[in-house]
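Asks: Listed in order, the protein sequences are those of chains A and B.
Residues 1 to 210 in UniProt numbering are what the first sequence lists, from first letter to last.
Residues 1 to 316 in UniProt numbering are what the second sequence lists, from first letter to last.
Keep in mind that the hints were calculated from the coordinates and are not lab data.
Among the clues, some could well be false.
Pulled a few chain A residues facing chain B out of the computed Cβ check, cut under 7 Å [what the hints assert, rightly or not]:
id, residue
1, L20
2, L21
3, F37
4, L38
5, R39
6, Y168
7, V171
8, P178
Just so you have them, the derived chain A footprint on chain B, three or more residues with Cβ under 8 Å [stated by the list, open to error]:
id, stretch
9, 235 to 241
10, 296 to 306
Subject to a maximum C-alpha distance of 27 Å in a straight line, what follows is the list of computed DSSO-like cross-link-like pairs (lysine-lysine) [what the hints assert, rightly or not]:
id, chain 1, residue 1, chain 2, residue 2
11, B, K165, A, K51
12, B, K195, B, K133
13, A, K51, A, K140
14, B, K88, B, K165
15, B, K294, A, K51
16, B, K266, B, K165
Ideal Cβ placement from N, Cα and C applies to all residues, glycine included.
Residues per chain, in single letters:
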Amino acid sequence: MWIKYSKYLLWIGYIYFSYLLLLITLQYIPYHTDVAFLRIKQEVIVLNHYKIAFFTHVYTSIFLMFFGALQFSNYIQKKHMKLHRISGRVYVGILLLFSGPSGLVMSYYANGGMFAQVSFLLLSTFWILFTFLSLYFILKKEIIQHQKFAIRSFALTLSAISLRLFKYLLVFFFEPLPMDAYRIAAWSGWTFNLLVAELIIYYKFSRISK
Amino acid sequence: MKFKLIGLLLISSLFGCREAIKNDVKFVAEQDFEDIQFTEPKVSNSLVVNTKEDLLGYWVGDFDANLSDEEMDTIYGNESYSNLITRKITFSIDEIKGDSIIGHSISAGNISPFKGLLSENTSGFTMEVDEFKKTKTDGKFIIEIRKTDSILKGNWEAYSQSELKIYKRNFDLKKKLFVYDKAQELDVTFFDTDKSKEYVYATDTVDGKVEEYIDNEYYATTEKLFEKNASNEVLTTDFVSNLSKADIFILRNSIFARHGFAFRDKQLRMYFEQFNWYMPVFGDVKDELTEIEKENIDLLLRYEKNAEEYYDTFGR
Chain A
1 MWIKYSKYLL WIGYIYFSYL LLLITLQYIP YHTDVAFLRI KQEVIVLNHY
51 KIAFFTHVYT SIFLMFFGAL QFSNYIQKKH MKLHRISGRV YVGILLLFSG
101 PSGLVMSYYA NGGMFAQVSF LLLSTFWILF TFLSLYFILK KEIIQHQKFA
151 IRSFALTLSA ISLRLFKYLL VFFFEPLPMD AYRIAAWSGW TFNLLVAELI
201 IYYKFSRISK
Chain B
1 MKFKLIGLLL ISSLFGCREA IKNDVKFVAE QDFEDIQFTE PKVSNSLVVN
51 TKEDLLGYWV GDFDANLSDE EMDTIYGNES YSNLITRKIT FSIDEIKGDS
101 IIGHSISAGN ISPFKGLLSE NTSGFTMEVD EFKKTKTDGK FIIEIRKTDS
151 ILKGNWEAYS QSELKIYKRN FDLKKKLFVY DKAQELDVTF FDTDKSKEYV
201 YATDTVDGKV EEYIDNEYYA TTEKLFEKNA SNEVLTTDFV SNLSKADIFI
251 LRNSIFARHG FAFRDKQLRM YFEQFNWYMP VFGDVKDELT EIEKENIDLL
301 LRYEKNAEEY YDTFGR
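If we strip away everything but chain B, and leave its shape as in the complex, we get:
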């Protein structure tokens, strides 16, 4: 009887492979999302602010929560909000006409345009700008910088404070010129905190008893990720064919990261923000890709699709 049951179970589990053979799978490219138009800033190369033209360009840094301790405690206690606390912001000042100022901010992959007023006094500049994308994450920035200084200090407050967990943030931003460097390396393992499986592990203890404990296994990259740079050299089929799904995924997206692509995907954003060289400034980098990169993306995409459809199914 027991034997029969096991047999039936085995057979029914094999029927699982039928889903397997998929004929149409649509691929969602990381690049696909709403296009927000903004004028490319006329970046001034000076990192120290003396005139108002020196403000033009990208200002980057941490966008920290600015809440009372009690409010912070409710967020720290909840794992699904933890990614809200640390994030980067790119504050781009695109255009200055007289005392009006136009730009956009990029945080968590959200590109949000703003406009406002710039006032100059003898000691420095102050800016008051409003976001107008008409989403609940819109708010007001109040910023100041002293002349001959290179740090932009400011804070942000959401308009609809009741709808957001973190409705106040502050920041110290430094001006950074975006430079594409194909040699930037990955040296951190990626693991997707949203995709994990629980495993029961068993170990033998000293007194001969078996102890069981539960551990999480994440969708993660392997050491192979660090072997090659997908912007620097043409990847071979041999190499790509034995990469894990996560390796391929990160390798492909590292190309976009080097070009300053602002990831919307939470996992990718959190991963790439660990690197000092990563600077999220663009919503679309397709036209910037080099021939090597295009070739690699094409190859990686084919294996990524293949891994998605066939890795764990009945088939080759």
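Chain A with its partners taken away, still in its complex shape:
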């Protein structure tokens, strides 16, 4: 019974955390440069390119939670291929043109020093790369490769949730110093997701090939 409902629980969890991300996004509407996270980014928010990158990232990334999730619905993939294609293009378009590059710019200025910056730079680079490869393989009609990279891309999109969730759990259980928590979350937030993605890929495609 637990397994039967786990799928729905996953969706509920996903919607709940997307809603939290939406609330975080809404903190920046109307446009303010001295609220929430930006309060501790006052040194860099004065830079125009950071300002553009930050608000592009905040305002566009939230849509990826919606379009990204649609791509993994079996129902849509089977019955509404057209919808899958359209929403896929929107997902890839937003990510490659806006969220990805702006994330890359922000990574360079990340809190937590070199240690965290390297993590975020890798995350952004992989995010863009995997998304691009997923697009590339579907254009070449290599469905399996397309699916593999789509899973990886979405796993990294989900690091928006896991990064914040891990930080929450770290503080809840261990109460570390704030920047220590942030540095740990910066790395575990996306490497964990990628690991899970590889396990899913291994599990899913090794069975098919047999």
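Let chain A serve as the given structure and place chain B on it in line with the hints.
Replies: Only chain B this time, still in chain A's reference frame:
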């Protein structure tokens, strides 16, 4: 079944993070409280009293309870009153006109003006002054000092004795000139006795059994507090970003403490009164802050707000 329950519990606990995203949090600055007007004393620099002008200035020392042993026992037994027993007083004599004397006292962050009569005889001075702030902690001071002496002896009695736990106090005060010194250091850990959590600790004993005991964990500062002086140097983002909430809080308030700010907050008052250099004399020190201090307060405030809103929530 058990598994399901744990799952539900986990899920419901995660729903706790929703409170998390707060859009408006008002900040309460430690400086915000009623402004009591008093004339700045014309401090005479002599620490030994020969003429009545030598009385002008700040007299500081312990403001000790003066009760019978039975009465003291009821206070010692009750933890929430323990902070009442030890406190400092700053007795400021601001103005002397003929035989009338005007001033204010500061104790536990309360600034209370007084006025009364000064009489001089061959051996010394006596003063009888009344507080007139019209609060229940008002009372009468009776003070004396000998000529060529430097210790002001006296006692205080509340008007409405039934309303106060400690309604009589006495004191030996010494005159102290207030000097701002940006180099004054913090070297004591702060812990908020009002904010604590109980933890269950488990240890293995020699015979292999596990022993559990309960301990308190306080809202406290870390060793990092002692690394920098927020009045002396500009703090870096790198340093401030990895401080605990309590570190930031104390570091910021240490700036006000060096300027002689009289804290109202019980925890801050008790903490800073441990330092010999701390002298609570002013109700407002905003205009005295140096550029370095203003810059540091601004930075610390941003991280303090950030820590309050986001440290234990779903977010960055």
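Asks: A separate judgement is required for each hint: does it hold in the structure or not?
Replies: Right, here's what the structure says about each hint:
no.: 1; hint: L20; verdict: 6 Å, holds
no.: 2; hint: L21; verdict: 9 Å, violated
no.: 3; hint: F37; verdict: 5 Å, holds
no.: 4; hint: L38; verdict: 10 Å, violated
no.: 5; hint: R39; verdict: 5 Å, holds
no.: 6; hint: Y168; verdict: 5 Å, holds
no.: 7; hint: V171; verdict: 5 Å, holds
no.: 8; hint: P178; verdict: 6 Å, holds
no.: 9; hint: 235 to 241; verdict: holds (count 3)
no.: 10; hint: 296 to 306; verdict: holds (count 4)
no.: 11; hint: K165/B x K51/A; verdict: 58 Å, violated
no.: 12; hint: K195/B x K133/B; verdict: 32 Å, violated
no.: 13; hint: K51/A x K140/A; verdict: 37 Å, violated
no.: 14; hint: K88/B x K165/B; verdict: 17 Å, holds
no.: 15; hint: K294/B x K51/A; verdict: 26 Å, holds
no.: 16; hint: K266/B x K165/B; verdict: 17 Å, holds
Figure legend: structure checked against the earlier numbered hints; hints not met, in rising order: 2, 4, 11, 12 and 13.
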